[in-house]
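Chemist: The lines below spell out each chain.
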Amino acid sequence: MDSHAAPLRTRDSIPARAGVGLRFRHHQEVLEARPAAAWFEVHTENYLGGGSAPAYLDAICRDYPVSLHGTGLSLGSAEGLDPAHLARVRELVKRIEPGLVSEHLSFSVAGGNYLADLLPLPLTEEALKIVCRNVAQVQDHLKRRILVENPSTYLQFRHSTIPEWEFLALVARRTGCGILCDVNNIYVSACNHGWRASAYLAALPTEAVAEIHLAGHTVRRIDEARTICVDDHGSRVEPEVWALYAEALARFGPVPTLIEWDTNVPPMAVLLEEAGHAAALIDEAESANGHALAA
Amino acid sequence: MNRYVLAASTLSTAVGLALAIQASPGQAQGVKDMSKMPKVVQDNMMRMEQNKLEKCYGINKVAKNDCAEGAHSCAGQATKARDTKSFVMLPAGDCSKIQGGKTTAS
Amino acid sequence: MQTATPSLLELQCALRASLVAHDDRGISAHVVGGEIGAGERLDIYRNTFASVLTTALRLSYPAVHRLVGAEFFERAVRVFIETSPPRSACLDDYGHEFPDFLSGFEPASSLAYLPDVARLEWSVNRALHARDAEPLDAQRLVALEEAERGRVTFALHPSASLLRMDHPADLIWRAVLDEDDATLSAIDPCAGPVWLLTERLPTGVEVRRMSESAWRFTSALCEGRPLAAALDDARDFDASVVLADHLAAGRFIDFSLNETSA
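Chains as they are written, first to last, in the working numbering: chain H, 1337 to 1631; chain P, 1266 to 1371; chain S, 4 to 265.
Keep in mind that a hint or two might mislead.
[As the list claims (entries may be wrong)] Covered, in the sense of this in silico footprint (three residues per stretch, anywhere, with C-beta under 8 Å from a C-beta of chain H), are these stretches of chain S:
id, region
1, 44-56
2, 113-125
3, 228-236
[Unchecked claim] Sample of chain S residues with no beta-carbon within 12 Å of chain H, all distances over it, derived:
id, residue
4, G72
5, E77
6, D96
7, E182
8, C193
9, P196
10, W198
11, R219
12, E262
[Stated by the list, open to error] Residues of chain H placed beyond 10 Å of chain S at every Cβ, according to the derived structure:
id, residue
13, A1389
14, Y1400
15, F1493
16, A1582
It is worth saying that the hints were derived from the structure and are not from the lab.
For every residue, glycine included, the Cβ atom is placed at its ideal position computed from N, Cα and C.
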């Protein structure tokens, strides 16, 4: 090993390398072919029961670092967290001891119903208090730090008073949670709301960013004059997002980075190619970081 | 025979039989915790689980919560939701292949 | 129109009404519009909500989906979602009320067997996803006193279900999923009732028929009836063989002693 290389920033136990979002169709292949992914991330809610899915996960955890990415805790719910759901998440966390546990800056539960989407929050002082309370409760319950991810959004509320980047930074500062910076989501939301993506990145507290997500999106035409950018996780990462990712690495240093793909999931080889692209950019950032430290 | 005596003897016979079945090699031993089994055994089990039935239920392909990952993926597009009130359809799938299973709608 | 700032709880309930009941009255005034209006923005979330749940139900009810066809299924599901949105973030748990919904759903009333097929599919879904549990070690029963044995009652494995159906839903279900049209056309949908056991084995999920008496005996034991009482109705079969099969297959996870005398 090159002793002059800057030490990898391994926040928690997921390496600062490029990983791949693991979906059911690749379970068997991962066990049989051991693809060269640095780590895998799975959706927590798909493994809360018994049977074959958690059995696969147990087996995969023996060979790869695994991160748990949740979609159902609903950190932004004013009515509080669902204790039964939190208990099931805790059970899974205890069982597989994931390298990272993450969730979203959004809500999915209202009036006791799960609304099957990551819904936008009004960014107000009241919402900030509620999110911080819920994040703290999750961290107490799981006895570990979690990461909170910026969502992609298609609407904003009139009474929001805090910019999203500031809101996220405040949640991290007040609760000690980390930030999962989804670069594609920043790009998508910036397109839809006229934000400056670079300014969003620049406003995030460097030390809190512990993971990056990358995915594909689609610009949809509503009619002749209007388009909307939709975060569909259904294609390769767009060139603009790779450029924004390079900016993120320059700012945050090498960070565990995940390729997400959820619609028309391609063969593992395609995911590994995308991860390879991310890995090359991480290497560049690493050597730049090394030069900076040596200077 | 008194019902309690009958129950006691039924249970004793059943337990003896069950233990004998479990002790005989090659017998299915019921649902076991797979995580405690050797790796090779587990992998074989997983291969067996790749049967057609489970494919129909998405176990080998799709997980229900993947679509809920913010991905407005499974979402189709930003079109108007269809009116659910005016429902005037009839079932039109494999039900037509069942003889006598499909009567005309009243 | 002057709108007061809603509390977070109020806003979230208003968005829920927008997604579930297509009622935007409580929410649109709070959404920043612009070139793309509030309604169009809400449609994106509404579509995701409906399509995620439709996908979840299609994965849990593949035979019902094939029996009624994709379009009918989708439209029936939209009606179902409005009346029974999920209560858990784990979508493997979603849709247990769907069979009951179908039995009261007029457009599907020509298919009398459909709710039974749906009930069977829910038991399969449950078998696929129920929590893992250690089977009862039969050795533990050896230690029971003679007098205690008649009071034994069992807890069924969480993946197992016992179903009684008026229609031969198991035959229909299997033929539909196997795309076995010849078998399907030979099925008499009125040839019931059938008594079924659905369970998860290390090799996969199995649905099998039981005799009525063995099924009743097993159901009684798992509903808390003590062995001595369950045996009262067990006449035309060897109860010890049925019991031994359950124990050896790991179908029970625990036993208890019924306090009331049988």
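Chemist: Against each hint, give a clear statement of whether it holds in the structure.
Modeler: Checked hints:
1. 44-56: n = 8 at 8 Å, threshold three: holds.
2. 113-125: Three-residue rule not met by the region 113-125 of chain S, so violated; n is 0.
3. 228-236: Answer violated; 0 residues pass the 8 Å Cβ test.
4. G72: Consistent with the label, S/G72 stays out of reach of chain H, its closest Cβ about 23 Å off (over 12 Å).
5. E77: Fine: 15 Å to the nearest Cβ keeps S/E77 off the interface.
6. D96: violated (8 Å)
7. E182: holds (21 Å)
8. C193: holds (34 Å)
9. P196: At roughly 29 Å from the nearest Cβ of chain H, S/P196 sits farther out than 12 Å, so the non-interface label holds.
10. W198: Per Cβ check, S/W198 is outside 12 Å of chain H; nearest 24 Å; holds.
11. R219: S/R219 clear of chain H: closest Cβ-Cβ about 28 Å, beyond 12 Å.
12. E262: Since the minimum Cβ distance to chain H is about 29 Å, S/E262 lies beyond 12 Å and the statement holds.
13. A1389: violated (8 Å)
14. Y1400: holds (22 Å)
15. F1493: Not fine: 5 Å to the nearest Cβ puts H/F1493 too close to chain S.
16. A1582: Since the minimum Cβ distance to chain S is about 29 Å, H/A1582 lies beyond 10 Å and the statement holds.
Violation of the numbered hints given earlier is confined to hints 2, 3, 6, 13 and 15; the remaining hints are satisfied by the structure.
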